[in-house]
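S.K.: Residues per chain are reported as follows:
Number of protein chains: 2
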Amino acid sequence: MQKFPCLHRHTATRSITASKLTVELKTDDTAFKNQPKKEDLAFGQTISDHMLMVPWSVENQWGDPKIVPYEDLKISPAASCLHYGLQCFEGMKAYKALDDPNSLHLFRPHKNMERLTGSMERLSMPGADFDNGELVKLIEELVKVDQKWIPRGEGYSLYIRPTVIATHRFLGMAPPIDLLLFVITSPVGPYYKTGFKPIRLTCDTPFVRAWPGGTGNSKVGGNYGPTMKAQADAAARRYSQVLWLFGDKEVVTEVGAMNVFFLIQNKETNLPELITPPLTSGDILPGVTRDSIIALAETWDDLTVVEWAPTIHEIKEAAEEGRLLEAFGAGTAAVVTPIDCIEYKGQDINVPADGKLTQRIWDAVTGIQYGRREGPEGWCHKIQ
Amino acid sequence: MQKFPCLHRHTATRSITASKLTVELKTDDTAFKNQPKKEDLAFGQTISDHMLMVPWSVENQWGDPKIVPYEDLKISPAASCLHYGLQCFEGMKAYKALDDPNSLHLFRPHKNMERLTGSMERLSMPGADFDNGELVKLIEELVKVDQKWIPRGEGYSLYIRPTVIATHRFLGMAPPIDLLLFVITSPVGPYYKTGFKPIRLTCDTPFVRAWPGGTGNSKVGGNYGPTMKAQADAAARRYSQVLWLFGDKEVVTEVGAMNVFFLIQNKETNLPELITPPLTSGDILPGVTRDSIIALAETWDDLTVVEWAPTIHEIKEAAEEGRLLEAFGAGTAAVVTPIDCIEYKGQDINVPADGKLTQRIWDAVTGIQYGRREGPEGWCHKIQ
Numbered sequence: 001m002q003k004f005p006c007l008h009r010h011t012a013t014r015s016i017t018a019s020k021l022t023v024e025l026k027t028d029d030t031a032f033k034n035q036p037k038k039e040d041l042a043f044g045q046t047i048s049d050h051m052l053m054v055p056w057s058v059e060n061q062w063g064d065p066k067i068v069p070y071e072d073l074k075i076s077p078a079a080s081c082l083h084y085g086l087q088c089f090e091g092m093k094a095y096k097a098l099d100d101p102n103s104l105h106l107f108r109p110h111k112n113m114e115r116l117t118g119s120m121e122r123l124s125m126p127g128a129d130f131d132n133g134e135l136v137k138l139i140e141e142l143v144k145v146d147q148k149w150i151p152r153g154e155g156y157s158l159y160i161r162p163t164v165i166a167t168h169r170f171l172g173m174a175p176p177i178d179l180l181l182f183v184i185t186s187p188v189g190p191y192y193k194t195g196f197k198p199i200r201l202t203c204d205t206p207f208v209r210a211w212p213g214g215t216g217n218s219k220v221g222g223n224y225g226p227t228m229k230a231q232a233d234a235a236a237r238r239y240s241q242v243l244w245l246f247g248d249k250e251v252v253t254e255v256g257a258m259n260v261f262f263l264i265q266n267k268e269t270n271l272p273e274l275i276t277p278p279l280t281s282g283d284i285l286p287g288v289t290r291d292s293i294i295a296l297a298e299t300w301d302d303l304t305v306v307e308w309a310p311t312i313h314e315i316k317e318a319a320e321e322g323r324l325l326e327a328f329g330a331g332t333a334a335v336v337t338p339i340d341c342i343e344y345k346g347q348d349i350n351v352p353a354d355g356k357l358t359q360r361i362w363d364a365v366t367g368i369q370y371g372r373r374e375g376p377e378g379w380c381h382k383i384q
Numbered sequence: 001m002q003k004f005p006c007l008h009r010h011t012a013t014r015s016i017t018a019s020k021l022t023v024e025l026k027t028d029d030t031a032f033k034n035q036p037k038k039e040d041l042a043f044g045q046t047i048s049d050h051m052l053m054v055p056w057s058v059e060n061q062w063g064d065p066k067i068v069p070y071e072d073l074k075i076s077p078a079a080s081c082l083h084y085g086l087q088c089f090e091g092m093k094a095y096k097a098l099d100d101p102n103s104l105h106l107f108r109p110h111k112n113m114e115r116l117t118g119s120m121e122r123l124s125m126p127g128a129d130f131d132n133g134e135l136v137k138l139i140e141e142l143v144k145v146d147q148k149w150i151p152r153g154e155g156y157s158l159y160i161r162p163t164v165i166a167t168h169r170f171l172g173m174a175p176p177i178d179l180l181l182f183v184i185t186s187p188v189g190p191y192y193k194t195g196f197k198p199i200r201l202t203c204d205t206p207f208v209r210a211w212p213g214g215t216g217n218s219k220v221g222g223n224y225g226p227t228m229k230a231q232a233d234a235a236a237r238r239y240s241q242v243l244w245l246f247g248d249k250e251v252v253t254e255v256g257a258m259n260v261f262f263l264i265q266n267k268e269t270n271l272p273e274l275i276t277p278p279l280t281s282g283d284i285l286p287g288v289t290r291d292s293i294i295a296l297a298e299t300w301d302d303l304t305v306v307e308w309a310p311t312i313h314e315i316k317e318a319a320e321e322g323r324l325l326e327a328f329g330a331g332t333a334a335v336v337t338p339i340d341c342i343e344y345k346g347q348d349i350n351v352p353a354d355g356k357l358t359q360r361i362w363d364a365v366t367g368i369q370y371g372r373r374e375g376p377e378g379w380c381h382k383i384q
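If you read the protein sequences in the order shown, they are chains A and B. Going by my numbering, the first residue of the first sequence is number 1, and it counts up by one from there. Going by my numbering, the first residue of the second sequence is number 1, and it counts up by one from there.
Some hints could be false.
Same chains, same label: a pair holds when it works inside one copy or across any pair of copies.
[To be verified] Capping the alpha-carbon separation at 35 Å, the derived lysine-lysine pairs in DSBU-like fashion look like this:
| no. | residue 1 | residue 2 |
| --- | --- | --- |
| 1 | Lys74 | Lys38 |
| 2 | Lys316 | Lys249 |
| 3 | Lys74 | Lys356 |
| 4 | Lys193 | Lys229 |
| 5 | Lys229 | Lys111 |
| 6 | Lys229 | Lys66 |
| 7 | Lys137 | Lys229 |
| 8 | Lys111 | Lys37 |
| 9 | Lys74 | Lys148 |
| 10 | Lys249 | Lys197 |
| 11 | Lys229 | Lys74 |
| 12 | Lys66 | Lys267 |
| 13 | Lys26 | Lys66 |
| 14 | Lys249 | Lys345 |
| 15 | Lys144 | Lys66 |
| 16 | Lys148 | Lys26 |
| 17 | Lys74 | Lys144 |
| 18 | Lys249 | Lys74 |
| 19 | Lys26 | Lys74 |
| 20 | Lys137 | Lys33 |
| 21 | Lys197 | Lys345 |
| 22 | Lys229 | Lys249 |
| 23 | Lys74 | Lys111 |
| 24 | Lys193 | Lys144 |
| 25 | Lys74 | Lys137 |
Bear in mind the hints are in silico, worked out from the structure with no lab data behind them.
Modelling step: build the complete structure from the supplied sequences, incorporating the hints.
M.R.: If you want it as structure tokens, here you go:
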């Protein structure tokens, strides 16, 4: 191991302070050795060489950040992250410009930081008032350290996973007095290797993803594990994902772990409307891709964006009347995922999925992410 | 470290096999050193010297169990237990008979094993079909190894925390292919040092603990972290716990992290009924203490047990009419916790709490736990 101390005044810091970062690099003979060929990358299986760690404790508040070689964490078996779901995370990506491998950028990183601190607050984790910009700077440093892990080419990126866990060694139920914020990264390839592959959804599950007053609008661990059973049941019946309905009226909420959008021709005006459930119900994750699609589409003259949660019956009716024009999921991993079929009570609702709008959104969002297109101020966040 | 290999044939085992246990004891100079005076024990803060570990992997299924000195776990930062809430646990206790320190017993351990495997299944964790009796045998061995940690005396016990976490190093969403089952223990003192201390509850929270189709009937991590915010809000207003209501009708479900019971005089018959919400709604934890109270009270001639979920309005009406006789929470930590006040929309409903039934249940349950009373077959599980 080589050590490159950048700055380490050993004083307690209250907020996260990027200038106190120390970097310990992997030695040359082990670094960059485990990267598969870029054609073989599978989502979430390859972890890059380094990780960022920032501890929080009730005595010292946020400690000095450090980038160190990726290695196992030492966690007490009594740590409350392992018992009480005291864990939250983010998913974001770093991109390499296609025409300039030295040009690295993030996509709207401050949105992820806002959501992360919101998730921490939802879980009664202290320290959530840190300066978001400082954590973005640290993530930039981590991306630079491991930039060789980002393959060049359209669709390749470095998936970034900021995570906060409670390391407090206590079997009682209490807000934790020790936390660890860590960031790991994982190179990923194109979600669609040969053009869009529409997915088939089912609504037919006894499980409920989220509810008002729960945690569906935060990115916390407890939202995810319990969905795998519904997902496995769907897969066994050859559906790709669950379309989560909520309540007696069977309102549409999310698809799998993505936000959902429908392009529906308005019954009265005949004009196309891009519809997605609003965040007001408290059970919808405020997706960064969701927010970006809304913001982009609102600038387009040929459609209207409507934040509204249709019931599955309204979707079915629109399909039957030929007014359901497209449907897609939206999230960081795939950007957009077209939907071509929705099962409801054993019957398939077919979605035309000519995919024109889905493609247009894909082009717009990925264009900004790869630096081919100009986006709104701050969306393409250049790493200096 | 001394090593005491009991049996270790290094072949893959499908189920958990107690006979393959190996025990590695702490050396004498460090063992039993960190135990506070029994008067100073605080719940969940002191961890005993040893822990039990049983790994599961997709290749080898359940591996050989081992008891080793308590130490930090090495967990990959990409392990799905830290990201997706893939964690479940149990809470149970070992008791030392008051008249014979060599007589150790568990209370209905098979009930905990059933619930643990149910929680694993809810989270799509593989390996949940292991032989429950084998895990009970291993827990017995762990208790025997650390029996010096159990203080003598009424109300003292060894809290036992079986836990299953997904150690699968993968950022994607999938049922895990690596698990770790571990058991740690913690000596605990009497919950009530000087007689019952009734608690004050509030229903006034915007948060909802659980939902039908969610995980409220499993003991998974994601149920707990999100409740701390409601708990902190309640405490700030000098209420001890939240009484969780559900739905538009405001049905009573649980209190804090306990099941809830009400003793109410029936309007028509004038006879006392012990009322607790049924498990059918899918959002109530099937508590072992809850089940034991129901089973015991059903044998008593002077009251009737009714599994029914009253609304808060029905509780309020009963209180106003003088028919609400007692109320208490029930769980492993405190056995029973009397309730003397319930806030609903800013107004306190007072509960008489003469505590006669609460005391009777306490005497019956703890009598069996400490071996003073004969209980139903298998409830007092002697450790051989």
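S.K.: A separate judgement is required for each hint: does it hold in the structure or not?
M.R.: Hints, verified against the model:
| no. | hint | in the structure |
| --- | --- | --- |
| 1 | Lys74 / Lys38 | both (31 Å within a copy, 29 Å between copies) |
| 2 | Lys316 / Lys249 | both (13 Å within a copy, 30 Å between copies) |
| 3 | Lys74 / Lys356 | neither (49 Å within a copy, 48 Å between copies) |
| 4 | Lys193 / Lys229 | within (28 Å within a copy, 44 Å between copies) |
| 5 | Lys229 / Lys111 | both (30 Å within a copy, 23 Å between copies) |
| 6 | Lys229 / Lys66 | between (37 Å within a copy, 30 Å between copies) |
| 7 | Lys137 / Lys229 | between (38 Å within a copy, 30 Å between copies) |
| 8 | Lys111 / Lys37 | within (32 Å within a copy, 50 Å between copies) |
| 9 | Lys74 / Lys148 | both (27 Å within a copy, 27 Å between copies) |
| 10 | Lys249 / Lys197 | within (30 Å within a copy, 44 Å between copies) |
| 11 | Lys229 / Lys74 | both (30 Å within a copy, 27 Å between copies) |
| 12 | Lys66 / Lys267 | neither (57 Å within a copy, 66 Å between copies) |
| 13 | Lys26 / Lys66 | both (13 Å within a copy, 34 Å between copies) |
| 14 | Lys249 / Lys345 | both (14 Å within a copy, 27 Å between copies) |
| 15 | Lys144 / Lys66 | within (14 Å within a copy, 43 Å between copies) |
| 16 | Lys148 / Lys26 | within (13 Å within a copy, 45 Å between copies) |
| 17 | Lys74 / Lys144 | both (26 Å within a copy, 27 Å between copies) |
| 18 | Lys249 / Lys74 | neither (47 Å within a copy, 46 Å between copies) |
| 19 | Lys26 / Lys74 | both (19 Å within a copy, 19 Å between copies) |
| 20 | Lys137 / Lys33 | within (26 Å within a copy, 45 Å between copies) |
| 21 | Lys197 / Lys345 | within (24 Å within a copy, 51 Å between copies) |
| 22 | Lys229 / Lys249 | both (23 Å within a copy, 29 Å between copies) |
| 23 | Lys74 / Lys111 | both (30 Å within a copy, 32 Å between copies) |
| 24 | Lys193 / Lys144 | within (27 Å within a copy, 58 Å between copies) |
| 25 | Lys74 / Lys137 | both (26 Å within a copy, 28 Å between copies) |
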